[in-house]
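A.B. asks: First to last, the sequence lines map onto chains B and W.
Here the first sequence is numbered in numbering that gives the first Met the number 0, starting from 0 and rising by one per residue.
Here the second sequence is numbered in numbering that gives the first Met the number 0, starting from 0 and rising by one per residue.
Everything labelled a hint here was simulated from the structure, so no lab data went into it.
Misleading hints may appear alongside valid ones.
[What the hints assert, rightly or not] The list that follows gives simulated cross-link-like pairs (lysine-lysine, PhoX-like), each with its CA atoms no further than 20 Å apart:
no.	chain 1	residue 1	chain 2	residue 2
1	W	LYS105	W	LYS10
2	W	LYS10	B	LYS224
3	B	LYS206	B	LYS224
4	B	LYS278	B	LYS116
5	B	LYS72	B	LYS29
6	B	LYS224	B	LYS106
7	W	LYS10	B	LYS72
8	W	LYS49	B	LYS206
9	B	LYS106	B	LYS278
[Unchecked claim] Some but not every residue of chain W turned toward chain B, in silico, with C-beta under 10 Å:
no.	residue
10	LYS10
11	MET21
12	LEU256
Even glycine gets a Cβ: it sits at the ideal position worked out from N, Cα and C.
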Amino acid sequence: MVYKNSNPLSPLWKGDLANSIMQKYLTIIKITWQRALTYRFSVFSYRMGEMIENLVLILMWSVVYADGQQSIKGYDFNEMITYVLMGNLINVIVRNWLYNVVSNDIKNGTLSQFLVKPIEYFRYIIIREIGRISFAFVISVATNLTLILLFYKIFYFNDDILDLLVIFLIIVFAFIFELLLSYLIGLIAFWIDEVDGVFLTIDRIKKFFSGGYFPITLLPVVFVKISFLLPFAYSYFIPTQIYLKKMDLMTGVKGIGVQLIWIALLYLIISIVWRRGMKKYEGVGI
Amino acid sequence: MNLMAVKTYFKIWLLQVKNSLMQRMSYRFNFVVLCFSVLVQTSLILIFVKAIFSFIDNISGWSYEHALLIAASFMIIEGLIWATSAYLSGVGDSIRRGALDQLITKPVDTQFLVSIWRADPEDWIRVVTGIIIISTVFDKINFSILNLLFYVLLLFNSYIIVYSFILFLKTFSFWIINNYSLNMLADHILRLSQYPTDIFFHKIIRIFFSTVIPLAFIATMPAKILIHGPKLDLIFYSCLLAFVFFVGSRKFFLYGLKHYSSASS
């Protein structure tokens with residue numbers, strides 16, 4: 000990369016450097032969008048499957064409430080459907096499939112090219128994943144919003160700016176956490192051949208303890224306590240509770256603190272696992 | 000197809016099962032982790048059913064024990080599909096990597112070879128767990144040997160229907176190549192069969208999920224037969240669906256095979 004101003008002492012040099020770095024990352028994102036658009040049917044079919052699953056979940060709750068239940072553990076029918084729809088919208092914003100990319104790079108040996116080049120693998124792969132999921136993100140959010148509009152008569156709309164701001168922050172940190180967790184799971188490929196099964200299991204556990212199947216408060220107290228200690232509840236349950244005004248803002252703000260602690264912990268674990276993994280890495284496949 | 004051919008195919012299948020097991024067991028820690036993963040997944044299904052029924056008595060007339068039967072039936076079918084053919088991952092993988100060339104040139108049916116390409120032995124845990132759950136609720140249902148025999152027949156039909164449905168979707172890999180999303184689509188749709196299909200109270204949706212995508216015949220109908228006894232019309236319809244789906248998916252697969260363009264030759 001040739002900088003316009005190659006004199007490091009020049010005040011313009013830092014600006015040029017920042018621009019070239021941004022250009023590099025934007026190029027990565029652009030390429031991943033082009034790849035995603037090559038396989039448009041994949042994005043469409045995946046979204047179809049998810050929408051069907053969400054609709055059936057809504058149908059199931061409709062049947063449960065139609066059988067005479069007015070309220071289930073403090074949730075009336077409108078609140079339960081809002082919980083499902085809002086929770087799914089948040090879930091599609093925070094999720095990613097980074098583990099797949101990382102584990103394939105390790106298994107196929109393509110990680111080796113990053114070890115001999117002046118590119119930091121972690122930074123590159125995170126940027127690439129953001130680019131990769133951004134296309135699916137746009138489609139997912141659009142389809143979820145469409146689903147919400149379909150049920151607008153029973154969906155509860157919250158226009159409290161403070162609530163929405165706290166929810167926004169929780170979602171941002173939940174996104175970062177999910178990215179780091181997925182990266183960590185991908186690193187397991189240094190030791191295990193089949194990462195899909197591990198990811199699927201963690202994904203199901205996550206969905207369970209995040210309240211993805213139903214509000215965590217419907218479970219026995221011990222599950223609720225475990226869920227609040229784990230960071231998964233911030234990807235679904237806590238933001239939706241704030242949205243439904245079933246949780247005060249202070250709890251949400253404290254929750255952000257918990258998220259930051261988990262993110263720091265995860266980053267530390269990743270550093271350790273990466274160093275250990277590098278000792279084991281054989282570069283098989285190149 | 001004569002008896003000799005059936006014996007040959009059976010031997011090939013057994014050999015592939017042995018290879019798959021050896022492949023998995025060569026990485027023991029990996030295998031243990033996978034077994035644990037499967038156990039966790041099956042446990043979560045049970046916890047989910049238990050949690051739902053902690054505040055209701057029934058869903059569309061299905062009690063907790065009967066809903067467990069549906070979940071267990073689904074577990075058995077899902078387990079069998081993974082344990083025998085790994086969700087037909089061989090179809091997509093062999094097309095994408097160009098490995099289908101080797102399979103097409105062999106004097107064995109290509110569909111058979113791609114179906115047994117990979118098997119995940121750890122998923123037998125799902126089958127065993129499903130059977131254990133069914134045995135725990137025997138006293139809550141109208142159990143008889145006849146019901147059990149028809150239940151097994153319907154489960155067999157369910158297996159054929161699920162296999163055919165997945166094969167139908169996976170055949171699109173001949174055109175779209177990147178088939179990861181097809182795996183997810185098949186998984187999302189088939190996973191719906193763990194709910195009692197009586198929740199679909201709209202007539203058109205019920206007909207759709209009884210014919211076009213016969214979710215009702217995967218787990219709900221076999222569970223109904225086990226609980227209430229055989230209903231000849233349902234049994235006949237289940238057999239008919241299995242036959243139609245199998246023949247239809249095979250024809251589509253063979254049609255897709257004609258459009259295969261090798262990546263390596």
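A.B. asks: Work down the list of hints and note, for each, if the structure agrees.
C.D. replies: The hints, checked one at a time:
1. At roughly 15 Å between alpha-carbon atoms, LYS105 (chain W) and LYS10 (chain W) fall within 20 Å of each other, so this suggested pair holds.
2. Distance check on the hinted pair: LYS10 (chain W) and LYS224 (chain B) sit about 53 Å apart at the alpha-carbon level, beyond 20 Å; violated.
3. For the hint linking LYS206 (chain B) to LYS224 (chain B), the alpha-carbon distance of about 16 Å falls within 20 Å, and the restraint holds.
4. A distance of roughly 18 Å separates the Cα atoms of LYS278 (chain B) and LYS116 (chain B); the hinted pair therefore holds under the 20 Å criterion.
5. Taken as a hint, the LYS72 (chain B) and LYS29 (chain B) pair is broken in the structure, with Cα atoms around 47 Å apart against an allowance of 20 Å.
6. Simply put, LYS224 (chain B) and LYS106 (chain B) have alpha-carbon atoms about 38 Å apart, too far for the 20 Å limit, and the pair is violated.
7. Distance check on the hinted pair: LYS10 (chain W) and LYS72 (chain B) sit about 56 Å apart at the alpha-carbon level, beyond 20 Å; violated.
8. A hinted pair counts as satisfied when its Cα atoms are at most 20 Å apart, and LYS49 (chain W) with LYS206 (chain B) qualifies at roughly 16 Å.
9. As the CA atoms of LYS106 (chain B) and LYS278 (chain B) are separated by approximately 15 Å, the hinted pair is consistent with the 20 Å bound.
10. Residue-level restraint check for LYS10 (chain W) is violated (minimum Cβ-Cβ distance to chain B is 27 Å; threshold 10 Å).
11. For the restraint placing MET21 (chain W) at the interface with chain B, the shortest Cβ-Cβ distance is roughly 14 Å, beyond the 10 Å limit, so the hint is violated.
12. Because the closest C-beta pair between LEU256 (chain W) and chain B is about 20 Å apart, greater than 10 Å, the hint is violated.
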